[in-house]
Structures are given as structure tokens and as C-alpha cells.
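Residue numbers (this note's numbering), protein chains in the order written: chain D, -19 to 593; chain E, 380 to 864.
One thing to keep in mind: the hints can contain errors.
As the list claims (entries may be wrong) - Ranges between beta-carbon positions, derived for each pair:
| hint | chain 1 | residue 1 | chain 2 | residue 2 | range |
| --- | --- | --- | --- | --- | --- |
| 1 | E | A485 | D | L580 | 23 to 31 Å |
| 2 | E | I511 | D | L580 | 50 to 58 Å |
| 3 | D | R522 | E | I511 | 52 to 60 Å |
Claimed, not checked - Chain E side only, calculated, beta carbon under 8 Å to chain D, not exhaustive:
| hint | residue |
| --- | --- |
| 4 | F554 |
| 5 | Y563 |
| 6 | A592 |
| 7 | V657 |
| 8 | W659 |
| 9 | L663 |
| 10 | K733 |
| 11 | Y737 |
| 12 | V767 |
| 13 | L784 |
| 14 | A803 |
| 15 | Y804 |
| 16 | G826 |
| 17 | P829 |
Read the hints as simulated data drawn from the structure, not as lab findings. A quick note: this is a predicted structure, and the numbers were derived from the prediction, not measured. Every residue, glycine too, gets a C-beta built ideally from N, C-alpha and C.
Take a look at the letters that make up each chain.
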Amino acid sequence: MQHLWLIPVLPLLGFLLNGLFGRRLAKGAVTAIALGSVLLSFAWVVKTLVGLGALETAYIERYFTWFQSGDLRVGADLSVDRLTAVMLLVVTGVGSLIHIYAVGYMTHEGGYYRFFAYLNLFMFFMLVLVLGANFLLLFVGWEGVGLCSYLLIGFYFLKKSATDAGKKAFIVNRIGDFGFSLAMLLIVITFGSLDFGAVFPAAASKPESTLTLIGLLLLLGACGKSAQAPLYVWLPDAMEGPTPVSALIHAATMVTAGVYMVARSSAIYLHAHAAQEMVAYIGLGTAVFAATIGLAQNDIKKVFAYSTVSQLGYMFLGLGAGAFSAGIFHLVTHAFFKALLFLGAGSVIHALEGEQDLRHMGGLRTRIPVTFWTLACAWVAIAGIPPFAGFHSKDAILLAAHHHAPWMYWVGVLTAAMTAFYVSRAMFLAFFGEPRGHHHPHESPPVMTAPLAVLALLSLAGGFLDVPKFLEPLFPLSEGAHDFALVAISVVAGLAGIGLAALFYVVKPGLADAVANALGGLYTLVYNKYFVDELYDAAVVRPVETGSREALWKGVDAGLIDGAANGVASIARATGGLLRLIQSGNIRSYATWVVFGSILVLVAIGLVGGGAR
Amino acid sequence: MPASLWPSWAEMLRFLPEIILTVAGTLIMMLEPVLGSRSRRGLGQFALAGLSAALAAAVVADGSPGPAFSNMLVVDGFATFFRVLVLAVGILTVCSSYPYLNREGASSGEYWALLLFSITGQCVMASANELIMVFIGIEISSISSYVLAGYLRDDKRANEAALKYFLLGSFATAFLLYGIALVYGAAKSTNLAVVRAAVEKGEAPLLLVGIAAALMFVGFAFKVSGAPFQMWAPDVYQGAPAPVSAFLSAGPKAAAFAVFLRVFMTAFQGVSDRWAPVVWISALLSMSIGNFAALRQSNLKRMLAYSSIAHAGYVLVAMAARSQSGSAAVMFYLAAYALMNMGAFAVVAHVAGKGERYVEIQDLAGLAQRQPLTAAALAVFLLSLIGVPLTGGFFGKFYIFKAALESRLIWLAVLGLLNSAVAAYYYLRILVVMYMEEPGEVTNGLGPLPLGLKAALAMPVVGLLVLGIFPSGLLDYAVKSAKFW
Chain D
-19 MQHLWLIPVL PLLGFLLNGL FGRRLAKGAV TAIALGSVLL SFAWVVKTLV
31 GLGALETAYI ERYFTWFQSG DLRVGADLSV DRLTAVMLLV VTGVGSLIHI
81 YAVGYMTHEG GYYRFFAYLN LFMFFMLVLV LGANFLLLFV GWEGVGLCSY
131 LLIGFYFLKK SATDAGKKAF IVNRIGDFGF SLAMLLIVIT FGSLDFGAVF
181 PAAASKPEST LTLIGLLLLL GACGKSAQAP LYVWLPDAME GPTPVSALIH
231 AATMVTAGVY MVARSSAIYL HAHAAQEMVA YIGLGTAVFA ATIGLAQNDI
281 KKVFAYSTVS QLGYMFLGLG AGAFSAGIFH LVTHAFFKAL LFLGAGSVIH
331 ALEGEQDLRH MGGLRTRIPV TFWTLACAWV AIAGIPPFAG FHSKDAILLA
381 AHHHAPWMYW VGVLTAAMTA FYVSRAMFLA FFGEPRGHHH PHESPPVMTA
431 PLAVLALLSL AGGFLDVPKF LEPLFPLSEG AHDFALVAIS VVAGLAGIGL
481 AALFYVVKPG LADAVANALG GLYTLVYNKY FVDELYDAAV VRPVETGSRE
531 ALWKGVDAGL IDGAANGVAS IARATGGLLR LIQSGNIRSY ATWVVFGSIL
581 VLVAIGLVGG GAR
Chain E
380 MPASLWPSWA EMLRFLPEII LTVAGTLIMM LEPVLGSRSR RGLGQFALAG
430 LSAALAAAVV ADGSPGPAFS NMLVVDGFAT FFRVLVLAVG ILTVCSSYPY
480 LNREGASSGE YWALLLFSIT GQCVMASANE LIMVFIGIEI SSISSYVLAG
530 YLRDDKRANE AALKYFLLGS FATAFLLYGI ALVYGAAKST NLAVVRAAVE
580 KGEAPLLLVG IAAALMFVGF AFKVSGAPFQ MWAPDVYQGA PAPVSAFLSA
630 GPKAAAFAVF LRVFMTAFQG VSDRWAPVVW ISALLSMSIG NFAALRQSNL
680 KRMLAYSSIA HAGYVLVAMA ARSQSGSAAV MFYLAAYALM NMGAFAVVAH
730 VAGKGERYVE IQDLAGLAQR QPLTAAALAV FLLSLIGVPL TGGFFGKFYI
780 FKAALESRLI WLAVLGLLNS AVAAYYYLRI LVVMYMEEPG EVTNGLGPLP
830 LGLKAALAMP VVGLLVLGIF PSGLLDYAVK SAKFW
């Protein structure tokens, strides 16, 4: 026994202690509990993985039968295989670093204990998500991380925009969860089990149409959680949450749950060609679409948020192209450099006392050098400059895409160029040129910069962790040769992006505005994020609201049968007397409805259904 | 015919819960005039003791299952399940009513007596094996409920609610009675098993049986507030005192579903191809009307009323499955639903304040800061109503839609799941107001939680978490009991 259960339960304990007693505890105690639980969990992960050795096959611990209904048995089982091992290290490792950083970042904020209680709860659910040995436990984690995410997005609840963003994340994710639940039910009906160990080996013998349907529904779930088109709209708004939350939940871990889930279900996708194709299309489409939006954003966190959406798209492209291990590889390196970008952005915001607008920054390179140099490491990593982390994983995806369909490779390269451009733009605007704000920036304390340094190291060297090789027992490596020309082209694209950004924002600062003006409508379109929010509002939100108000509430409830739109008592108060009440027509119209409905039921059951004898 | 008209002891034992309840209720009525005003307050505790004793009796009776009173009643797993459920609902109702009535200054013995009588009726419904007993049970339960809804005599809203409930309820009962009469005419019996055999052997004219099924469907659909016979529910739940609304939405509804299920799965089993499509449509209508109308509500009680219509719709989905696992899903869901709805209404009763002045969603603003435990309890109920994992509501929905898919009701399952996605929105609004807004006038002036309400919140929270984490026990029992053949 490796006592896998300890890995999620430790943060849960942290949550319970801080959640129940945090209000009365000293700040130091809250910190110790929050950090200690996550660090211990990380240590236990390392100890477990060392103890498990090569891990050629999945290691499963079964605790008890969760429930049994007919032939369906679902156990409280945790399992570790190589995919889980990678996820565990990322979640607890990067998670620990972000927790440490948050101690410094949140120190002046109200609700300190509440913040860390939620954060620990998030870790619990995230670890359940990756450790669960069946779809139902995965779903428990899935819903749980979502819940924590809404709580943390709305953490600054005095800001209305934060509350709204939390609500939006919740609603959009419900659409995805609808897909996931339906997929899960279909899996039960088709396979008679929810255990990964029973479902995946049996996938080959099931009809492709069913598998395709399951695959598409799972993809819908993944699109919600991992912010893929058309459900990506919640993620940019989620930046209303505190920055460590953006780094942990909305960059490094939770949003990659969809990628993990699709990779986990690779056996289904491999036998559902159309569904897998769809994964690639959605991924590629989101990657390029979000990257274009990122080009024109002025809020530093929004730039990185669209970048996250776009990079997640890359991962899906990898999965869809059949290179599951490349997708997971990018998940890992992305966790390093994107967490670093967000934490660095947080450090910048911290230094400027809350300023997030790139147009009001500038010249920070010398003022906050540690932040700058660590962010620079993330910069070269995401831009795909060899030999840094992003280069290796992005390359693996692009090569797989080329093997799958060459045009996808070219679109991917274009996206890589745009990625390099918008990150460079943010860097140049923030750190180079003349200071444009009236701030007195101060470097962040070591408790914040130390995690930055570790992540910087990982962003530089993380690419040499050969994740695809490690995952080979699960996902056979695709045969495609390592084509040097293709690699060179993508590197050149990245360099071109950086160069163009340098030209626009360092060499000839006026050029950017000139180009924006020249592009006119196109720029406005991109600047306003293609008006997707407005489109959804007009096409979905407003019709549902008006529909339920006009047709259902006013029509069915208040108008047709109630007749008292202002609530029940209005009539009683106006007329008084029970006798008048009976005559108010109100009840008569209800009775009319009963008669009307009864006639329908009578006709349906008595006369129509089946031939009368 | 039995040898003797005097029932055997075994039969008496099977009927013991109803006997205890009736005796306790009658005693309360007789004791009240002779007691001083101080000891009158103890009547609530007496009612609680009566319900607990009946609960124990119901559990004991499960040990010796079988028919009673010339096959009029039957004690089987199904009956025990629902008897225990409505008795538990009764206990929760007493817990939340006690502080409520004290606050309103309306404590009196008749309230407890009416409650006990109503639950007696529901116990009879749960164990009815005979259409006449179905009818008698429904009447006992309903008539007491009508009075309970209008219990606060000086409250106009409550009066209106009671009157509407009474008039429309009687109307619906008439349909039911017509249906029973037609069944008797067609099958020459009102015993469920005999009717079923007559229908299956083709002795009863199908047209007549079909019409009878339709009429009884109307009656039952009204009692469970299934569309298109749901319109009374919002007015009644909004107008009635909060603990009574809680009771109405859980006890009578569960008992009505019990007879609905038993009658349609036995007597009308032979014509199930005819009624299944109607249940299908009714399920979809209930879910859609309930959820979309709830989106627009600002009044908590009215919103919960629409949500209860929607939840009746989910249960109807499981009924439309016409299978053992579907019936088990109905049972499991009703148990979870009773807990979460009772709990939610208990919070409403607490926050509403004297005279129920504060029943708007906005009145909950900042509850999490003022009374974190109350808010946490309501959060559990709401998450369960949404159907989030680790709560009973999740497994309830899971079993329902699983049963629907097993019976190839694919579109109904899809539409139902979409509906529950929509529903999340209006429950979320409450969570947001509670956790993400500054405390307002109402929450700032909120008194401490009385003991009774503490119990009325703690028990459902524990119950829902147990059902969410260890659902097996209850589900196994439900599956075992959901056999009607």
C-alpha cells in the first residue's frame, strides 16, 4: 500500500482547519497549515512515485465500493500510471510554488484565511480528478475544481465585475458539464462500467458511432473546462480573480483538466475517428482565434489569458493529431512558463499597486530586475526559442500536426508567430521604453521572487524532461521523422514575431498605432474580441431571459393562469373577503386549465394510445 | 374473505404507525383544552415523540411484511420506504415549525394534530393496496394539508393559498374518484392486483381502462404538481407558512408519487404503452415550465415552488422509464429531494423573520458573513438541488437519467440534462447573493438560529452528504423494493 489517499486528503485537512478555525488563527498559523498541507502532499507524491518505480502498468488502490446498482459497481479507487504521475507532479509541484508566492501576494488582502482555505480545497479536488480510477471520481474532481474556481474568481466580491465573472464561468461550465454527464451515462449504458480499467480495453469492440458520440460529448465537457471555442468566453473574464488564482487554476492546472481527460480517454478517441478529428479542429481553431485577440489587448493579464486559451488550443491540436504525449508534454511546459508569466505579471501589478494596463507601464526593466529577468525566461520559453521549454513541446505538436495534415502545421506556425509577437509586445510595453505611469515601483519580497526563480529555471530547462518518452507505454510515439526544415520554419516564425514586436514597440513606437489605424475595421474587430460576448449575449442570453420572462412567467405563470403579476396577495389585499376571492377569476382560470389539460390527457391515453377494442 | 372480521395481531402490527399517529393526534386535540398555557408548549415535543414512535413502528413492521385488513393495505419494502420518508419529513417539519410558531405567536395544539393526521394519510397512501384506500389516504392527507396551508388565520396570503389549494385540490380529487369508479366498472374490483390481472387477461375493456387511467393521471399529476396541472403550486407554496410549504413540497408529494407509481405500475401496467407518452410529455413540460419560470423569480418561496415543479418533472422522467431501476430512481430521488427542499425552506423560515417579511432572494445578502453555518447549510442544499457530486441530489439525477437511457428515452434524458443545466443558474443566484454580497439590513438584524431550526438544518445536511458519499445503502433498498410483480 502506498496510501495514495493521503495525497488529496492532506490539502483537504488544510481546508478544513483553515475553513473552520482560520478566522481565529494567527496569520502565521494559517500560512503554515495552507503551505504545509500542500508541501506534504507534494512530498508524498514524490515518495509514492519513487516507491512505485518504473510504473509500466497502472497501480490501483481500491478502498471501498462507493455504490453498486445492478451490474454497475463504482469503487472509491485511486490509480497511478505514468500519465497520472506527470499530472501529480505538475499539480502539487507548481501548486506548491504558487502557494508560496500567494503568501506574499495576499498578505495585505482581507480574507487571507478564506483565500487559502479555498485554494487548499481546490488542490483536493484537482488531485481527486487526476487520481480517480473511474469517470465518476474524475467527475467529482471536475465539478469540485469548478466550484472552487467560481469562488476564487469572485474572491474580490465587492467588485461587481468579479462576481459577474464568477457567474459567467459557472454558467458556461454547466454547458460543458451537460456534455460530460451525458457522456458518462452513455458510457454506463454502453460499457456497463465507469472504471477506466474496464472501459478502455473494451472500446475496440464497440460500434464506432457510439464511441464518436461519447467522444464528442466528452469533448464538449473538455471545451467548457479547458476554455476551448465556443465555450472559451469565461476564461478571460476569470482574470478578475487574484493573480495567484489565475496562475494556479486558470493557467497551470484546472484548465488543463480537459486535456487530461481527453488524453485519458485516448482509447475511445482512437476508435472514434470523427471525434478525434473534431478535437484537432477545435484546438487549432481556438489556438489561432485566441492568438489574434491576444495581439490587441492592453490589460497584461488579459493578454496572458488569451494566450492560455490559445496554448490550450495547441494541446488539443496535439491530442487531435494523435500525439497524445505531445499534448501532455505541452501541458507540462505550459504549466511552467504560463504560471511564471502570470506570477510575474502579478509581481508587476504588485509593484505598481494594482496597475494592469500595459499602456501605463514601461521602463520597468531596471526598476524590478528580478521580475524582469525571470519573466524573460518565460518569454523565450513561450516564443519557442530553442532550447527552452516551449520549443520542445510546441515542436512535438507541430510535427505531429504536419504528419496529420500539413495545412494544420502551417496554421500552427502562424499562431506561433502571433504568440511570440503578443508576448514580446507585452514585455516591451511593460519593461522597455520610458515609464508612462506615475508609480514608484518596488521589487516584490523574496517569498514571491523565489518561486519565480524556480519556475524560470523550469521554463528554461523543462524541455529536456522527455515527457513523450516517459509516456510511451501509454501513448506509442508516432513514427514521423524529425524533419529539420519544419523545426527551423517554426523557430524562424517565433523569431519573426519577436522581431516585429521589437520594431513596433521599441524601434519605431509610432508604427503600432499607424498600423492599427490602417487596418481600421479589422483592428476594431480584434480589439473587441470579435464581439463574441456581445454575440452570445444577443443570441443566447437575452432570448432566454426574455423568453422566460415574456412567454413563461408573464404568459404561463402570471398572465394566463395567475392574473396577478405582483404576487398572490395583491388581489386579496385589494378586494379582501374570501367570497370576492373566489370570484376573482383567478381560480376559475386555473380550473379551466385543469379541464383543458384533462381533455388532452384523456384523448392521449384513452382514445389515441393503442387501438380501442 | 377472511375467517374473522377482527384483524390479527400481525395485521395490527403492520398498521401500527398509523395507529400511533392517530392516537397521538387525537390525544393532542383532547389534551390541549385541559393543559395550562405553559405545558401546551410541550405538545410540539409530544408530536415529535409520536412521530418518532411511528417511525420505529414502521421500521419494525418491515420485519413482518404482508397484507393487512383483507388486502386493503400491504406492508412491503416500497411501503416501508415511503412511510419512513414521510415520517422523517414529519419530524423535520416539527423541528422547523416549533420555533416558527413561537415566533409568530401562533403555537397551538391543532397545528400538531393536523400535521399528524396529514402524515397518517400519507402513510396509508404508501401502503395502500386498493384504490379505495388510495382515495381515503389522499383525502386524509389533503384535507389536513388544506387547513395547514391556511393555518395563519390572519394572514391574507395564507388564506388565499389555502382556499386555492382546497378548491383545486377537490377538483382534482373528483377526477381521481371518477377514475376509480371507471376502474371498478371495467375490472369489477378496486384491488390493484385483481385489476392488473383483469387488464392483462383482457377481461376489462381497454377503452374504459384507458379512460380511467387518464382520469387518475390527472388526479395524481395534480397532487405531485406535474404539468399541466402544476399551476396551484407557486401560489400555495408562496402563501402558506414556510414550514408548511416545506412539508407540502416533500411529504404529500412523496406519498402522491408513491401511489402514482404503485397504481400505474400495477393496475395500469397492461396499458402502459398508452400512458407512457403522456408521462413523457408531462415530464418535459414540468421540467421546462418549472425551470424557466424559476429563472425570473425574486421571491424565494415562489422560486422554490417552481423549482419543485421542475423536480417533479425529473421524477416523472424516471417514471417514464417504466422499469425497476426507474422506480428505484424515483424513490431515491424523492428521499434526497425531501431533504434538500425541507432544508432550504427551513433557512427561508429563519431569515423571513416575524410575519415572513423577508422572503426575497436579495434578503439573503451577506448571510455567509453573519451566520456562516446557516449559509453553509443552505449552500449544501442548493448544490444538491443543482446536482453537484458528493450530494444526494447528484446521485438522484444520475440514477434517473441512467434509468431513462436504459429504457431508450434518449431525448428525454438529453432534454432533462439540459434543463438541469439551466436550473443551476437560479440556484447560483442565491449562492452569489449569500457569499458575494455585503450583509444587508436583514442579515444584520438576524437573530441566532433556534434549536429546532438547527436540527432542521443539521439533519438534512448530514443526510444529503451521506446519500452523496455512500448512496449504496438506500439505493440497494430501493432497488429491492421497487418490484411490483
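Here is how each hint holds up against the structure:
1. A485/E with L580/D: 23 to 31 Å: violated, 41 Å
2. I511/E with L580/D: 50 to 58 Å: Taking Cβ atoms as reference, I511/E and L580/D lie about 28 Å apart, which means the hint is violated.
3. R522/D with I511/E: 52 to 60 Å: Holds: the Cβ-Cβ distance is about 53 Å, inside 52 to 60 Å.
4. F554: holds, 6 Å
5. Y563: Given a least distance of 17 Å, the restraint on Y563/E is violated.
6. A592: Holds, because the Cβ-Cβ distance from A592/E to chain D comes to roughly 5 Å (cut-off 8 Å).
7. V657: holds, 5 Å
8. W659: violated, 10 Å
9. L663: With a minimum Cβ separation of about 14 Å from chain D (threshold 8 Å), the hint on L663/E is violated.
10. K733: Since chain D brings no Cβ nearer than about 17 Å to K733/E, farther than 8 Å, the hint is violated.
11. Y737: Because about 14 Å separates Y737/E from the closest Cβ in chain D, which is outside the 8 Å limit, the hint is violated.
12. V767: With a minimum Cβ separation of about 5 Å from chain D (threshold 8 Å), the hint on V767/E holds.
13. L784: holds, 5 Å
14. A803: holds, 5 Å
15. Y804: holds, 6 Å
16. G826: Hint violated; G826/E Cβ to chain D Cβ min 21 Å, cut 8 Å.
17. P829: violated, 23 Å
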